[in-house]
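**Q** Here's the letter readout for the chains.
Protein chains: 2
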Amino acid sequence: MRIGDLAALVGVSTRTVRHYHHLGLLPEPVRLANGYREYRLRDAVILARIRRLAELGLSLDEIRDVLAADRGRELREVLLELDADLAKQQEAIGARRDRLATLLAEADLRPDSTVSPDMAAVLRALPAEGSRFAEIDRELLALVDSVADPAGRARMVDLMRPLTEPEALARGHALYRRLDELADADPGDPRVAVLAADLAAHLPAELAAAMLPDTDHARPRGDGRAEEADAMRWMKTLDAELSPAQAEVFRLVMATLRGRT
Amino acid sequence: MRIGDLAALVGVSTRTVRHYHHLGLLPEPVRLANGYREYRLRDAVILARIRRLAELGLSLDEIRDVLAADRGRELREVLLELDADLAKQQEAIGARRDRLATLLAEADLRPDSTVSPDMAAVLRALPAEGSRFAEIDRELLALVDSVADPAGRARMVDLMRPLTEPEALARGHALYRRLDELADADPGDPRVAVLAADLAAHLPAELAAAMLPDTDHARPRGDGRAEEADAMRWMKTLDAELSPAQAEVFRLVMATLRGRT
DNA sequence: GGTTGACCCTGCCGTAGCGTCAACGTTTCT
DNA sequence: AGAAACGTTGACGCTACGGCAGGGTCAACC
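In order, the protein sequences belong to chains A and B. If you're matching positions, the first sequence starts at 1 in our numbering and goes up one per residue. If you're matching positions, the second sequence starts at 1001 in our numbering and goes up one per residue.
Note that these hints are calculated values from the structure, not bench results. You may find that some hints are simply not true.
As the list claims (entries may be wrong) - Far from chain A, some chain B residues (derived; all Cβ distances over 10 Å):
#	residue
1	Leu1032
2	Arg1051
3	Asp1061
4	Ala1087
5	Gly1130
6	Met1156
7	Thr1237
8	Pro1244
Unchecked claim - To give an idea of the interface, some chain B residues facing chain A are shown, with a C-beta separation under 7 Å as derived from the structure:
#	residue
9	His1019
10	Ala1044
11	Ser1146
All C-beta atoms in this analysis are idealised placements derived from N, C-alpha and C, irrespective of residue type, glycine included.
Input sequences plus hints: build the corresponding full structure.
**A** In structure tokens:
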């Protein structure tokens, strides 16, 4: 029996048979004078066993182990392990399908629809039209939402909710406009201090509290280092997007909030 | 923001970021004078979107398409397609776990336990001890069982069942022994014809009928070619394992059966 | 006896999504 | 000033083969 016969018999490609030889799964048979491999019944039996195990989902490495040890005990262990693994995979796929269903249930699949549903609602409520600063704000929110774990996401949404109420929204429009106007201004511009005071005055208390630790460098080292590093990165990320005057506004707001506690 | 900051922010490795650049998923940002990439908020947003889509299970190619087309219609299509694909995967995994459970339910996981449960029962019933010929027979049965589809497997088991009955078993032992004795005999040995006659006389009718077409070369071409080729392979496979005298026995048996119809 | 077609051989590249060096330059901390 | 921790490009590694290149072998047909 030559390689093509063997392959057809068991229902694999000749390439697969040679691959198994290469991996040492299937022993190389004797060669004929012309160099062709000559197979016997035994080879077909081994190959068929390999295929059955492979179709069950064992990796070729695992199959080699099973064939080598070859007394039921090990096979049983491997199969149990495999079953547990498959169960986990099923769960994982189920979870993904749930998230997919959530996404698909959202009627309006806009480009930014890859944020969580709650944050999507917040973004819909916040002012957006025409303000560069509002755009940055929205991007930052979407980013935090993407990166955070579910608990963090929920906290973010809670913190933002006060800003979506009608009177906060009305103020928000004006504040965004005044921030936009500082895009090309000097850090010493008189409007900077005034805007900082207004911002600090109208920032919801919880949101202010959440922002404060972000720039608190004086804390003792060694606790919450990772979170602090994250928070620092957020602030620096935002800072990099702002003009000098806008950045100055934020520094003043932060100083005010720190002083207030 | 440099590549390490960006990666930490979004929760991926720097290697991943560079990989996405290489694939054109994430645009290359401007470079500083030292050659370092300098990222902005916008890059982090894009990267985060890529990650969310990737975690949903989209391939990076699909993500590139979605980001390029980027008006919800396409995203929706891709997500629906993905969901269908995941559903199929879940089913496939479920089927594999079912087969696993069947295997694991078999108490005795011997090396040849990769055959179907029904065939395993047949193999347990058939004589095995010490006969080389019995061994070949068992290997051939296990192989056919491995390779056949479920219907074929059931048919095989049905064909073999008469041989597992007590009187057939008793005869089987003797026949195997007589075949073994022909291992080194001459094809012209007088025992050959006698054994062939005994075999033909005691072969169950259905099994004989099933074996017959395997060597029937006279049939018109064009119908059942694939099956015929398979059957031919089986016979040649068996033939290759037999000594000349044993092969002669089989030829005589076949001739007798053909003449009988 | 040349040609055709169906086989066989070895060996290398490609897949998806990065991980992991290597070999080198830059920044930052002490 | 030196070390540690960054950054750069490039190349190879992983699964389980598929596909191709560039050959050799063998049977049949004209």
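**Q** Now look at each hint and say whether the structure bears it out.
**A** Hints versus structure:
For leucine 1032 of chain B, the condition that its CB be more than 10 Å from all CB atoms of chain A holds, with the nearest at approximately 13 Å. Not every CB of chain A lies more than 10 Å from the CB of arginine 1051 of chain B, the least distance being 7 Å, so the non-interface label is violated. No Cβ of chain A approaches the Cβ of aspartate 1061 of chain B within 10 Å, the least distance being about 17 Å, so the stated non-interface status holds. The Cβ of alanine 1087 of chain B sits about 7 Å from the closest Cβ of chain A, inside the 10 Å cut-off, so the non-interface label is violated.
Every C-beta of chain A lies more than 10 Å from that of glycine 1130 of chain B, the closest at about 18 Å, which supports listing it as non-interface. Here methionine 1156 of chain B stays apart from chain A, with its beta-carbon at least about 14 Å from theirs, past the 10 Å limit. Remark: the non-interface label on threonine 1237 of chain B conflicts with the geometry, its nearest Cβ contact in chain A lying 6 Å away (cut-off 10 Å). Under the 10 Å C-beta cut-off, the non-interface status given to proline 1244 of chain B relative to chain A holds; the minimum distance is some 16 Å.
Taking 7 Å as the C-beta contact cut-off toward chain A, the hint placing histidine 1019 of chain B at the interface is violated, the least distance being around 19 Å. Taking 7 Å as the C-beta contact cut-off toward chain A, the hint placing alanine 1044 of chain B at the interface holds, the least distance being around 5 Å. Interface hint at serine 1146 of chain B: satisfied, since its Cβ lies 4 Å from the closest Cβ of chain A, which is below the 7 Å cut-off.
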